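> For chain A, the structure is supplied; the task is to place chain B on it using the hints.
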Amino acid sequence: MALLDIQNLQVSFHTRHGVVRAVRGVSFSLEKGETVGVVGESGSGKSVTCYSLLRLLPQPPARIEGVRAIFDGLDLLSCSDSKIRGVRGRRISMIFQDPMTSLNPYMRIGEQLMEPLRIHEQVGRTEAIRRAVRALQEVGVPDASARMRAYPHQFSGGMRQRVMIAMALITRPELLIADEPTTALDVTVQAQILELVEQRQRELGTAVLWISHDLGVVANLCKRVLVMYAGRIVESAPTRAIFKEPRHPYNEALQRSIPALQEKGRELRSIPGLPPDLSRPIKGCAFAPRCRFKEPKCEMDDVFLKDATPGHSTACLRVQEGSLRQMTNDE
Amino acid sequence: MPQPPVNPSSAALESEMEGDHSLWRDAWRRLQKNNLAVLGLIFLSVLGLASLLAPWIAPNSYEAQNLALGATGPSFNHWLGTDALGRDLLSRILYGGRVSIAAGLCATAVSLTIGVLYGTISGFVGGRLDVVMMRLVDILYSLPFPIFVILLMVFTKDLGDAVENRLAEWLGVRMDIGKSWSLILLFLAIGAVEWLTMARIVRGQVMSLKKQEFVEAARALGLRRRRIIVRHMIPNVFGIVVVYATLIVPSVMLLEAFLSFLGFGVQPPMSSWGTLINDGASKMEEHWWLLVFPGIAFAATLFSLNFVGDGLRDAVDVRASKD
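Quick note, the sequences are listed as chains A and B, same order. In this text, residue positions in the first sequence follow this note's numbering: the first is 1, and each later residue adds one. In this text, residue positions in the second sequence follow this note's numbering: the first is 1, and each later residue adds one.
FYI, nobody ran anything at the bench for these hints, they're computed from the structure. Don't take every hint at face value.
Listed next, the in silico BS3-like pairs over lysine-lysine satisfying Cα-Cα at most 27 Å (straight line) [unchecked claim]:
hint, chain 1, residue 1, chain 2, residue 2
1, A, K297, A, K283
2, B, K210, A, K83
3, A, K283, A, K294
4, A, K223, A, K244
5, A, K244, A, K306
6, A, K83, B, K211
Being a predicted model, the structure only gives us computed values, none of them experimental.
Next up, chain A with everything else stripped away, as it sits in the complex (with noise of 0.2 Å):
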């Protein structure tokens, strides 16, 4: 049985301008150990589809709307506040963005680390500081039993990103939400990142669920990879089929506008239009307006995830209807 299975997530943000449908109906599952990457612009819902596993969104203005989320048979979208308390910190972690500010800059990192120890498991505290002190080795904080004394300024961002993810698997969690956690950092320090949240995850079987607009980073490190656009679920298939075979036209787009993947010299490649406002009816395909193979029925009908083949689903129509075969790179 899948860890987390979502059917149909939805989540809106009820608004003074209206209601903004951010995440307009989410499927997907994640396997005990497995690590998905979930790829796509900024406001395209990777985030507040995972803050909204853990109800970590205001409410209101936000507005869950969930078939339903079963985590290791408890839904997540409805069960107590204290059972999804429970669930917090202890069964599912969070990593996030910026290192800089996700610490509590008046409370020293041993502190912190023991935090999750001493609400969720009752931990005396000799027994919490031995822990917190090997969870700082473990993450490759040299000094470990001194850094334990040291305030969040003290750290530079790659050490309290490794803080962050110390804190975060201390309670051997069965699934980790990595939000884009590697954005804020200079390339050295995430490629270590990456590799520290590889070699955590092989060590415990942790789950990883890893957002991030860097496709580079995700190919890396996934064995699966969602990409998301306005909403929803355009693609979903194994890392390698995302990359050679794409069966989305936004998908390809995105990939064709990676810069290192171009030939030098030439113009830049980016897709044309904007990503449409999601407070508005969106009618047929959300990509149509940019798409460079749409055709008219692409915006009259909703269109949904499906097999494309096994193992590789996709959100286009004439993908789906077999018209549209290959998308090669060339113009």
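Below, chain B alone, put in the same frame as chain A:
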């Protein structure tokens, strides 16, 4: 999984990290390194102690008159001189310190407890509760303070005696409530007003803190609201709270002087720094010492408070520390 070697110093580490409030102990250590703050603290404790022990250490009673002597300058018998009624100024300053310091402490305590808690809850919960709580503050703010106190005095003039009689019936002990009723009212009135600004300041701080990622992270760790407020919010607003608290004290002392001048609060022959300065100011052309000495006591106290407040703010700001 192989057990990483347990650090031999972990026992020492534990003893060093003992207690949840390591932040406060650190702050205390850093405060001790700040000479001005320590000086201020010493001055305040000496003055506070002297005022507290005034009945035993003051050379005279605050009301003992010597009309024949009249107003004299500083002399061997009366170190700081006497006023027009021949009362010893040093004694009056020491006794007056009791009222002034008590008013300052009362206001600070009220604004710290009610103000910080109220502001934190209002800012943290937000939404409708925030609106209701803040409108209540607005209403209390808009009451004209002197009129509020005057009305309070007028309508409860006999209440003091009534309370005293009732208590005397119950306990069989007669406490001087009726006599010091105006003083009690003064403290109540100050208490009712002084937490308002604090609540507003704290609310604003908390609202901006709430949006910070570490609060989100704390929620993602499964912390309860109460624990987030106590462990994450309050330490973060503390720096501003401390500085503001040291500003409250002088304003309250001035307020007390103002109310006493109007005839509420401290009644003659009792003294407070505010009334002493007031009296002194009106006679400063003939008897300078009546203004200068209470003024020095008042100013030195305020300076000390500011030094201590400043030092405290630096001490609790972990980012400013070098260690």
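> A separate judgement is required for each hint: does it hold in the structure or not?
Okay, the hints, checked on the actual structure:
no.: 1; hint: A:K297 x A:K283; result: 11 Å, holds
no.: 2; hint: B:K210 x A:K83; result: 23 Å, holds
no.: 3; hint: A:K283 x A:K294; result: 14 Å, holds
no.: 4; hint: A:K223 x A:K244; result: 14 Å, holds
no.: 5; hint: A:K244 x A:K306; result: 19 Å, holds
no.: 6; hint: A:K83 x B:K211; result: 24 Å, holds
This entry satisfies every hint, going by the numbered hints stated previously.
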